[in-house]
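S.K.: Chains as they are written, first to last, in my numbering: chain A, 43 to 163; chain B, 644 to 812; chain C, 78 to 775.
To be clear about the criterion: a stretch of chain A counts as covered by chain C if any three or more of its residues have a C-beta under 8 Å from a C-beta of chain C, and this derived list gives those stretches: (1) 51 to 64; (2) 105 to 118; (3) 135 to 142; (4) 145 to 153.
No more than 30 Å apart at the CA atoms, straight line, and that leaves these computed lysine-lysine pairs for BS3-like: (5) A:LYS160 <-> C:LYS291; (6) C:LYS287 <-> A:LYS117; (7) A:LYS153 <-> C:LYS287; (8) A:LYS160 <-> C:LYS322; (9) A:LYS153 <-> C:LYS322; (10) C:LYS157 <-> C:LYS199.
To be clear, the hints were calculated from the coordinates, so they are not data collected in a lab. Predicted model only: the values in this text are computed from it and were never measured. Glycine included, each C-beta is placed from N, C-alpha and C at the ideal position.
If you want the building blocks of each chain, they are given just below.
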Amino acid sequence: MAKILIVDDMASMRKMVAFTLESSGHEVVQADDGDVALAIANEQDGFALVITDVNMPNMDGITLTGELRKLPALKFTPILLLTTEAGKDKKMAGKAAGATGWLVKPFDPDKLLMTIKKVLR
Amino acid sequence: MESVTSLSAAEHQYLTFILSGEEYGVDILTVQELRGWENTTPIPNAPSFVLGVINLRGVIVPIVDLRSRFGLDRIDYGPTTVVIIVKVEANGKERVLGIVVDAVSEVYDINKGDVQPPPDMEGSISIDFVTGLATMEEKMVILLDITKLVNEGIISSQANDSSKAEVAA
Amino acid sequence: MSIDLDQFKQIFFEESFEGLDTMESGLLSMNDGGTDLDVVNDIFRAAHSIKGGSATFGFSALASFTHIMEGLLDEMREGKREADSDVVNILLESVDEMRTLMTAYQDDEEPDVEQMQVLQKKLEKVCGMEPSAPSAAKEEGNEAGEAGEEDNRRLGWQIEFEPHDDLLTTGNDPSLLLSELRDLGDVTLTMDDSALPSFDSMNPEQCYLKWSIKLLEKDSDSVVEEDQITEIFEWVEDECDLQIKGIYPDREKSDRRAGDRREGGAQEDRRANNRRTDSRRPSDKKPTQQATNIRVDTNRIDELIDMVGELVITQSMLGQLGDEFDMSKLVRLREGLEELERNSREIQEAVMRVRMQPISFAFNRFPRMVHDLSQKLGKKVRLELTGEETEMDKTVMEKINDPLVHLVRNSMDHGLEGPEERLAGCKEEEGYVRLKAFHQGGSIVVEVSDDGRGLDREKLFNIAVNKGVIQETDVLTDEQVFMLLFAAGFSTAEKLSDISGRGVGLDVVRRNIESLGGNVSVNSVFGEGTVFTIRLPLTLAVLDGQLLQVDGATYVLPLGSIIESLQMDADAISGLAGDTMVYRLRDEYIPIVSLSNLFATDAGDNEDMAGKLLVIVEWADKHIGLRVDELLSQQQVVIKSLETNYERVTGLSGATILGDGTVSLILDVSSLMDMASKAMECVNKPKLAVANGRRVGE
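Let the hints inform the model, and build the full structure from the sequences given.
M.R.: So this is what it looks like as structure tokens:
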């Protein structure tokens, strides 16, 4: 039972992830862009995990990761990037910004939950 | 008043009302409701029998003084003055109108066989609008074709014409 | 656990269709020249999102097709590819294909993969790309890895794990990673803390520990492959030193031998897992509901909530009254009931307002249509849209779609000339089709105009005579002749054009619009252009109005028509021949119109006007002044139809219901001007001079 921040500009994906996590008993907060997520992270605390898409209009997921890492409360919090790209460079860029790991699309709910278990303390 | 369920096929229910001592009847299926008199908002340049419009639950409804329409003297409105709100069909759509009468009388089941055709009456009401005469309880009731009266005798003809761009033939 | 994803599919379809619209309008804007990098990024992102979503929901054909487009767009946004018109056109076709595929998925039908592949080849050809193999879903990230060459007798793995200093700062936790190993088999941990400094100099954000892990397979059925281990450490690959060696009985060497691939149960499971999303075919799902939706401005919802709140208060007040009722409370009861009526009416109107949508929804299809048609016809046409924010009822808007499409096609096909003809006629090479929407009184007006050939009155007349629609001796105004276009069976086209048919359409257009309670008319200047005007009743219209009083009656004047209001100065009033009075305001002589006279409410003589209120209104650049008794409040009023139950009244555009429940009439400025000018018939010429602002006599 953890508080998780989901960031994705695509409503269908975001809601699906939120639904999956809530069905498992977690508390989910949604944001539809990186800048919105950053604002939420500044206002709320207690996040055990952040899951964010990479491609978003105002602030992309990698920039968001970098910004979140600057916040003391989120310095060591797991941040996972949702990516469709198999390529190494996006993953490297994510890691360089401080991301914990990634989830590759398409994923199914079970895989998502398995991955979450890996990072939640 | 008899209930609708006891009507036989040839019978029609009519609501009758009084206008200057005469009793008239309209098909009860056209009657939507009865209201007391209330002030109307006059319409500019309207015929004198169109008293104006009222707000009927958010819909603008014209009120017509039937006495005036029939060329009878106007009277002051009093506690028995009733406005009969009728709903008639016009060109595939429906119109709602109010007609001011002296008082409401009865609801009668009138058998078609008891209705006599209107005589060649001289007077204010064109026989176009009268479907016939009936005798109820020794009184004569003049049955009105309210649909025709509204569409041809109250609403002006160009309002009923839907095509706007006509080529002069 | 199985989670039903179907509920999210509808959202996916909605946002994806919007995404396709974004791509289309972005691509169309690129055609006009400048390539804005932001636009390309938007297009890329839309495609990227659709690709991701369609892969997740198992729409593999769409996913793989979009993937190719995405690759193209990626090159474009990195400046590696030029966006020339061929590329843009093929991308537009691809967007259409994506729409088709998405619609198939939405309708639970098999997508036409063949058609898709045809377009795919075209796409690859135009863009000079390597043709890709006919697509199955690309299993991205399915790093099933190579089958490990294994030795049947491997007992387990020896793992050396040394995190770098910064592993913790990416949010990874060694203890969690180590716990995962426990899921694979029996784990024996040996921790090495030799690098751990003394407490005072220790940085808690740094990792000083390292581990030796012995992972033994539990039994011969639970083989652990190497890539299962690397997968656990996948994220921290670059943030640690990791060594993995197999443990073999009685062997010093850790070489692996090539061997038959074992049916590793775990590996198969994982692969099957990854494929699950792809195996759901549309055919075995429940049919999706095709409900239509409306986007609603949340302000309108808030309004509704407020009104319902008021309703609740009224209801509770009435309830209280009813509890212990006696005749002394009769007045309050009546007031409460009036309040109730007002509340209900307001809610009804607010709900109707929710159905009002901006006409941009109907206009949105035209940029693409004009673009495609202009290419097909070889004409240069630009589209101008005005008044897209004008609101109308959603159902009415849906029904006006086809007539608008027909009129625009008409303009482009028959109205507008080709580039050479235009230049020869001293026009600019590029012509325009203009769609303009605005409110006028109780109607919404949509104009479709072009600067093309215009209508040839002579020709129309003669064709009509030949067809027997009119007689040669008939005398018709220009407008009447133009309206012949709408007559049944009338056609001016010499040959059938597959674009707009043979004039049968205009007849249908007219009938469609009249069935909505509206009308259509046409006007034209030969050689210069044509304008079609569609007029539709607004189911619900709201007007900003100025309430005023004349002879004790309250009227509403559209605020937008008021230029100014003033108290008349005796010196500025003068009379023209007859009963007409005019008011001199700065350089203009404005006819004074008395509503009392026009409406025959009080046919008094021209009483002394000095000091009375004059409201100067404007219509089509003409001015008149209305003499009123008093100006009341300004408020937003709902336009109610007089025609529904009564008839159209000259001088009025409708009625409204005021806060107290009484009916107030709404003035129609254009009609008032007509009435006033008829009344001043005898002074025609000077009136015109006055109305146009020139001094009398000039």
